[in-house]
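Visitor: Protein chains in written order, with my numbering: chain A, 1 to 445; chain B, 1001 to 1441.
Hints were generated in silico from the structure; no laboratory data involved. Predicted, not measured: the structure shown is a model, and the values here were computed from it. Idealized CB from N, CA, C, for every residue including glycine. Hints may be right or wrong, so weigh each one.
What the hints assert, rightly or not - Straight-line distance between alpha carbons at most 27 Å, and here's what the computed DSSO-like set of lysine-lysine pairs gives: (1) Lys223(A) - Lys281(A); (2) Lys1258(B) - Lys372(A); (3) Lys1190(B) - Lys311(A); (4) Lys1305(B) - Lys81(A); (5) Lys372(A) - Lys1092(B); (6) Lys1190(B) - Lys138(A); (7) Lys367(A) - Lys1349(B); (8) Lys1273(B) - Lys1349(B); (9) Lys90(A) - Lys1349(B); (10) Lys312(A) - Lys55(A); (11) Lys440(A) - Lys1258(B); (12) Lys372(A) - Lys1125(B); (13) Lys1092(B) - Lys311(A); (14) Lys124(A) - Lys202(A); (15) Lys132(A) - Lys81(A); (16) Lys201(A) - Lys1349(B); (17) Lys1117(B) - Lys371(A).
Said to hold, decoys possible - Ranges between beta-carbon positions, derived for each pair: (18) Ser244(A) - Ala1186(B): 49 to 59 Å; (19) Val416(A) - Ser1259(B): 45 to 55 Å; (20) Glu1088(B) - Ser417(A): 22 to 32 Å; (21) Gly1035(B) - Arg304(A): 52 to 62 Å; (22) Ala161(A) - Ala1186(B): 24 to 34 Å; (23) Ala161(A) - Ala1121(B): 41 to 51 Å; (24) Gln310(A) - Ser1259(B): 33 to 43 Å; (25) Lys441(A) - Gln1248(B): 31 to 41 Å; (26) Ala1121(B) - Ala363(A): 19 to 29 Å; (27) Arg1392(B) - Arg241(A): 16 to 26 Å; (28) Ser232(A) - Glu1357(B): 29 to 39 Å.
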Amino acid sequence: MIKFLLVALSSMALFSYSGRTAVFNPETYTLSNGMQVVVVTNRSAPAVVQMVWYKVGAADEPRGQSGIAHFLEHLMFKGTKYTPPGEFSKIVARNGGTDNAFTSQDFTAYYQKVARSKLELVMKLEAERMTKLVLTDKEVLPERDVVLEERSSRTDNSPAAQLFEAQQTALYLNHPYRHPVIGWEHEIRELSTENALRFYKKFYAPNNAILIVSGDVSLEEIKPLAEKHYGSISVGAEIVRTRSAEPKHRAARRVSLSSAQVRQPSLSRIYITSCYRTAQKREAYALQVLAEILGGGTRSRLYRSLVLEQKKAISASVWYNPTALDYGEFGISVTPRDNLSLAQIERALDRELLEIKTKSISADEIKRAAKKLTAEAVYARDSLMAAPNIIGRALTTGQSIEDLEEWPERIMSVRVSDVVAAANKTLVLRNSVTSLLTPKKREGQ
Amino acid sequence: MKKCFIRLAVLAVLSVFPIKFCLAVDIKEVESKGGIRAWLVQNPSVPVISMSFAFRSGAVSDPAGKEGRAQFVASMLDEGAGDLNSEEFQGKIEDLSVRLRFRANLETFSGSIQTLKQNRAEAFKLLALALNKPRFDQDPFLRVRAQLSASLMLDQEEPDRIASRVWYRSVFRNHPYGRPIGGTLASISKINREDLVLFSNSFFSRKNLLIGVAGDIGPDELSMRLDEIFGDLPKGTDREMLAKPEIQMEGKTIVVEKSLPQSVALFGHRGFKRTDPEWYAAYIVNRILGGGGFSSRLMEEVREKRGLAYGVYSWLNPFESVGLIMGSVATSNSRVKDSLDIIRGEWRKMSELSISEEELQEAKNYINGSFPLRLDSTRRIAQMLLAVQVNRLGIEYLNRRASIINSVTRDQVKTVAKRLLDPGLFTVVVVGKPAGISSSQ
């Protein structure tokens, strides 16, 4: 239902797909202009998904133009030299297909799901808008209003989303991950056609893109089409993604928001940590196992202790997102039961975190967590969308296909000592932000 | 054993942009020794099995004052069964990597299970236990009640949820269709263990059970599993039919004032039931008006041309005894009146003017082309097999669907649009501080 899905960096959706693979057996090669082509064959229905991923996201935006990556994603549907404004999605629809796009801090992706016989049509359309986008104020300005309405729906109408924005600015002191993907309202209002075109010309080129096709095709079958439509595009200038790095973190941060719109208080804490690209050895894998042991399901430590035994929380969840270019995030969120204060729940949480850092983790816990994680890789094969999603996220954030295919083995190879080391390195307060969402007493209450 | 094989080859007869799409699935109807029937699409390409099932009875059966009972049951079924307590049951589910879900809908109670093939025997045993011997123990009962209350609290100030609660209540009044499936804080607190037992005893029966299965399992094994899982359920009796609700359609506008920058509006009026002979023409009318993404008239006028909203949609909402057509939009307070005026205008235009042959053809192409694309995992195939049975469409439906759609004519669309759409009947709920809109009377 939602057009132009916006991907929040630490959203659960992102996590649940992060690298859960290993058995896609993708085929890949690279066109002479530098565009990588990946194919995952799945013959269970005569359908295909085409995705084109660009290695550019909100974290690559010029200062003061927050939201331009996502705005451009909207504008990519506005027409080219050959396709009139607004026609792109209509052509896909009248050919029986569906299409959409999404933007994150690190990547922007466009996709269509069509009958196999329509693959060439959508390849032609997608290739065309890689370099031949035409934008005029007539289309751009109403679309800017659409984005402002989108921002209202997602953030300005939601206290939890407002707190999330504040939390990210507190987590990152200097790196652009501190800005929301959709942009700050006052900066969105100033975005122009020229801004969008400049960003487009800089980042949209075959050497900065990846074509992923999954479904009822093989690499051999799509090679001629890929050569014809994408291979003919001239290579663009070399693209360097420069982003400011984080300084040393010295102070734990806290943000809080209370609102009459909130009835149920909750607490979350995010730690900034390594991602696949920056992690040492097995660290990123150990952190996935740690997240599972701490918060994955009803046997996890937090659920057992806070929800079942102490009856202090109604839910406890933990996530870790390693699929990012620069930093990973390790997050915990707890909802207190009854009238327990957030201070009380935080003390209980801190005791559990201390426990996992200092007391032993059993080999059995590790084994169970690894088994559960790797089963997800089998489920991921049972879907046309999962493979291109997982592969695209990985390849735009510095991972290789080998990394993905070896994911189950690497998870299985995590040892107790890896998890303890990862916990001690990551779960350090000065690297974190704690967010408190609370109800505001209204007059007369 | 009764089996029918259907080869689905959907060959659309199209003039403008021909689409050929072969669904390429065989649907078998499997009947177990114990007489339990399921529809099966066998697909051995991934070692996964997905099953979706439903009993015909849902939140509409919640007693007055105990709204949310069916959902409470859905939340308790994986909290212990047979000789396994909550922790033991959930531990097994997790160790086997089984995905087990239960859900209360308005008129059905549904469940789904997904399992790796290697774990299927134990997985199905757990499902059988959950359905036949749920424990509803005190400790998980209290915890789940706290969780349900917390989720109601989370919903309470959510503008979409407010709009929905107010809309259904004002249209259906005290009829069960007008009540929230999840209940209220007050009703949840009144539900006790006996209420849950009563629900599972009276509604989990073979009589009103529907099942769809897809994945790496053959008909012979499925037949055996069906008896293992569902064979011990009571036979069951016919349901009482729900009284037909009186819909309050007075063209009302209700403003729920909240200090939000953006107003959220939900609107609609009476529509068609799924069994209406003109359902498919209505489906096409809705597709053109505001259904299905980017290329609808509402999207064009509200979003594309004027930038008034991120999304604007309409949809058909059929219940067993009444149908609705509804829509929603979210626009900043200062401009939401413009959005609603445009939507009313498009509603009227659609009801009065003919559509072009081209527009009709494009809608048909989309409906017929995109349908099989939805069936891209065993989970979604199982869901579709179930949905077809819930709607009583018959096993040949998937085979016939495209030609039914293709046979709808422009004249039919015109007649049906006139019968279906009447902006004068709009009940509109707006949550926010909308400029220039106030509650009627």
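Visitor: All hints, please: hold or fail.
Guide: Results of checking the hints against the structure:
1. Lys223(A) - Lys281(A): violated, 36 Å
2. Lys1258(B) - Lys372(A): Between lysine 1258(B) and lysine 372(A) the Cα gap is close to 44 Å, so the pair fails against 27 Å, i.e. violated.
3. Lys1190(B) - Lys311(A): Given that 27 Å is the threshold and the Cα spacing comes to 21 Å, the pair holds.
4. Lys1305(B) - Lys81(A): The given pair, whose Cα atoms are some 20 Å apart, holds under the 27 Å limit.
5. Lys372(A) - Lys1092(B): Holds, at roughly 12 Å.
6. Lys1190(B) - Lys138(A): violated, 57 Å
7. Lys367(A) - Lys1349(B): violated, 63 Å
8. Lys1273(B) - Lys1349(B): holds, 23 Å
9. Lys90(A) - Lys1349(B): holds, 21 Å
10. Lys312(A) - Lys55(A): violated, 44 Å
11. Lys440(A) - Lys1258(B): The hint holds at about 14 Å.
12. Lys372(A) - Lys1125(B): Given that 27 Å is the threshold and the Cα spacing comes to 20 Å, the pair holds.
13. Lys1092(B) - Lys311(A): This hinted pair holds, its Cα atoms lying about 22 Å apart.
14. Lys124(A) - Lys202(A): OK: lysine 124(A) and lysine 202(A) at ~22 Å, within 27 Å.
15. Lys132(A) - Lys81(A): Cα-Cα ~6 Å, so holds.
16. Lys201(A) - Lys1349(B): Measuring from Cα to Cα gives roughly 42 Å; hence the hint is violated.
17. Lys1117(B) - Lys371(A): holds, 15 Å
18. Ser244(A) - Ala1186(B): 49 to 59 Å: 53 Å Cβ-Cβ, so the 49 to 59 Å window holds.
19. Val416(A) - Ser1259(B): 45 to 55 Å: holds, 52 Å
20. Glu1088(B) - Ser417(A): 22 to 32 Å: Hint holds: Cβ distance 31 Å, inside 22 to 32 Å.
21. Gly1035(B) - Arg304(A): 52 to 62 Å: Hint violated: Cβ distance 43 Å, outside 52 to 62 Å.
22. Ala161(A) - Ala1186(B): 24 to 34 Å: Given range 24 to 34 Å: holds, Cβ gap about 29 Å.
23. Ala161(A) - Ala1121(B): 41 to 51 Å: holds, 44 Å
24. Gln310(A) - Ser1259(B): 33 to 43 Å: Since glutamine 310(A) and serine 1259(B) have Cβ atoms about 37 Å apart, the given range 33 to 43 Å holds.
25. Lys441(A) - Gln1248(B): 31 to 41 Å: holds, 36 Å
26. Ala1121(B) - Ala363(A): 19 to 29 Å: Cβ of alanine 1121(B) to Cβ of alanine 363(A): about 27 Å, so the range 19 to 29 Å holds.
27. Arg1392(B) - Arg241(A): 16 to 26 Å: Once the Cβ atoms are compared, 56 Å apart, the range 16 to 26 Å for arginine 241(A) and arginine 1392(B) is violated.
28. Ser232(A) - Glu1357(B): 29 to 39 Å: holds, 37 Å
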